[in-house]
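Novice: Spelled out, the chains give:
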Amino acid sequence: MELFKRYVDVVLLQRKNGELIPMYVCWDNGRRYKIDKILNRQRRASPAGGCGMRYTCLISGNRRNLYLEKDRWFIESMRP
Amino acid sequence: MGKRIIFHIDINHCYAQIEEMKHPQLRDVPMAVGGHEEKRHGIILAKNDLAKRGGVKTGESLREARSACPDLLIIPPAYDDYIYYTEQVKNIYREYSDTVESFGLDEAWVDYTDSQHLFGDPVVTARNIQERVLREIGLTVSVGVSWNKVFAKLGSDMKKPSGLTVITEENYRDIVWPLPVGDLLYVGPATQRKLHERALYTIGDLANYPEYYLRKNMGAAGTMIHAFANGLDPSPVALNSFRAPVKSVGNAMTMIHDTESAEEVRPVYFMLCESVASRLKDEGAEGNVVTVTMRSSDLNWYMHQKKLDAYTDVSSEILHSAMELVEKNYDFSMPLRAVGVTVSGLRGCRGGRQLSIFADEQAHDRSRLMDTAMDDIRSKYGFYTVRRACTAVDPALTGFNAKGDHTIHPIGYFQGRKMIL
Numbered sequence: 001m002e003l004f005k006r007y008v009d010v011v012l013l014q015r016k017n018g019e020l021i022p023m024y025v026c027w028d029n030g031r032r033y034k035i036d037k038i039l040n041r042q043r044r045a046s047p048a049g050g051c052g053m054r055y056t057c058l059i060s061g062n063r064r065n066l067y068l069e070k071d072r073w074f075i076e077s078m079r080p
Numbered sequence: 001m002g003k004r005i006i007f008h009i010d011i012n013h014c015y016a017q018i019e020e021m022k023h024p025q026l027r028d029v030p031m032a033v034g035g036h037e038e039k040r041h042g043i044i045l046a047k048n049d050l051a052k053r054g055g056v057k058t059g060e061s062l063r064e065a066r067s068a069c070p071d072l073l074i075i076p077p078a079y080d081d082y083i084y085y086t087e088q089v090k091n092i093y094r095e096y097s098d099t100v101e102s103f104g105l106d107e108a109w110v111d112y113t114d115s116q117h118l119f120g121d122p123v124v125t126a127r128n129i130q131e132r133v134l135r136e137i138g139l140t141v142s143v144g145v146s147w148n149k150v151f152a153k154l155g156s157d158m159k160k161p162s163g164l165t166v167i168t169e170e171n172y173r174d175i176v177w178p179l180p181v182g183d184l185l186y187v188g189p190a191t192q193r194k195l196h197e198r199a200l201y202t203i204g205d206l207a208n209y210p211e212y213y214l215r216k217n218m219g220a221a222g223t224m225i226h227a228f229a230n231g232l233d234p235s236p237v238a239l240n241s242f243r244a245p246v247k248s249v250g251n252a253m254t255m256i257h258d259t260e261s262a263e264e265v266r267p268v269y270f271m272l273c274e275s276v277a278s279r280l281k282d283e284g285a286e287g288n289v290v291t292v293t294m295r296s297s298d299l300n301w302y303m304h305q306k307k308l309d310a311y312t313d314v315s316s317e318i319l320h321s322a323m324e325l326v327e328k329n330y331d332f333s334m335p336l337r338a339v340g341v342t343v344s345g346l347r348g349c350r351g352g353r354q355l356s357i358f359a360d361e362q363a364h365d366r367s368r369l370m371d372t373a374m375d376d377i378r379s380k381y382g383f384y385t386v387r388r389a390c391t392a393v394d395p396a397l398t399g400f401n402a403k404g405d406h407t408i409h410p411i412g413y414f415q416g417r418k419m420i421l
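Line by line, the protein sequences are chains A and B. Okay, so the first sequence: first residue is 1 according to my numbering, each after it adds one. Okay, so the second sequence: first residue is 1 according to my numbering, each after it adds one.
Treat the hints with care, since some could be wrong.
[As the list claims (entries may be wrong)] Pairs of lysine-lysine, DSS-like flavour, derived with a Cα cap of 27 Å:
no., chain 1, residue 1, chain 2, residue 2
1, B, K194, B, K57
2, B, K403, B, K90
3, B, K380, B, K403
4, A, K5, B, K3
5, B, K57, A, K70
6, A, K5, B, K90
7, A, K34, A, K5
8, B, K306, B, K281
9, B, K159, B, K22
10, A, K70, B, K306
11, B, K3, B, K90
12, A, K70, B, K380
13, B, K159, B, K3
14, B, K281, A, K70
15, B, K3, B, K57
16, A, K16, A, K70
17, A, K37, A, K70
Calculated directly from the structure, the hints in this document are not laboratory data. None of these values were measured; they are calculated from a predicted model.
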């Protein structure tokens, strides 16, 4: 299945120890999706292009890969 | 000294591959990274496999590349990204050794000798590094493993992409010696021609040729390449923190349009001298030799230099000498296409300065203060917030930031060290 790279706004929590935890993904249509759980966090290259720290997230029961690329975030989207 | 284990790791056509990683759809079309055509820095810096098959060569002009491969897609370089991603790749190497020496952006030597008992077999580690770079950064790298830097580099060039070549003291005669002599580090076209005149066509020919004759004809360089061909290169991989002392500071650029008089080219020189002066101050150095280079529109190079009475790191003084050289030595019968200025004969600033009876020392101090003030303003508010009035005459011609835009430095193999034999 082809994946598309989409930059998104992200609401973050930064912990005292410096750790970054994404809390919500904000879509362009104004909807906000809560990240229920972060399953793992690894450096990876994305098949949709780009690379960075990959957060595998559980968002309303779906697994989605969210990447921190340099200084911004993108998500591997099913739709362009 | 026990046998060393050295990796040379090379990111395969680096700039093009980083663009492909960022935009995977570029893998399906012939693509090359090249200079801005409208700004006339027009050469191919890197190409992908499809472009290579189409006959595109690195270093040729964009026009030549297009005539070889009409549907070539040319992308302007994004140096910030290349620096960022190659640094990420090198951070992976640094997890395996504290001695990682960069050779340009895309290549590095890693001394694995002392890490061996931590990570085990070198070949397995080399494969691990390849897999990790591909998985984490999305780039393929070629690795050469050997006991010296020169053969390690040859090894990484042999198989691409994702090649892994091991050159040992047992097999180097079979692997390295049949290669053409031009593949060896430091054998450029001129040296290659000299060697061919002696019927030395392969590295093996060179290795078995008596060193005495090479030294007689080519001097120390002859001894050096003879040693390289025999795998006798004891030069160490530099530590991470090693930084070669600076010998000269220069900037050059191709102008957005040709210039036809000294008056017209002066603002361009002013911008270049400002950048050189600012970089000298960053290094804490001052120099007393000014060199100007000029390239005319028929692509001839001219180079002139002059020794100053006193050491300087002040832009207006460098400009004064540079313009003197230009006016004295070039008549503008052909318009100029590219210009450059370099300051050498460097020494560290010692805070004090030998005063001269004849020179206007107060003017020197004033100009230096002005330079520092401009640098401060620029570092705080951005480069274009303050500029000399003369550069406002032709903003297109002088609309560049020589210091900030110029970030890739060519690197010599020895980086200021001496060869020990």
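Novice: Hints numbered earlier in the text: which of these fail when held up against the supplied structure?
Specialist: Of the numbered hints, 4, 5, 10, 14, 15 do not hold.
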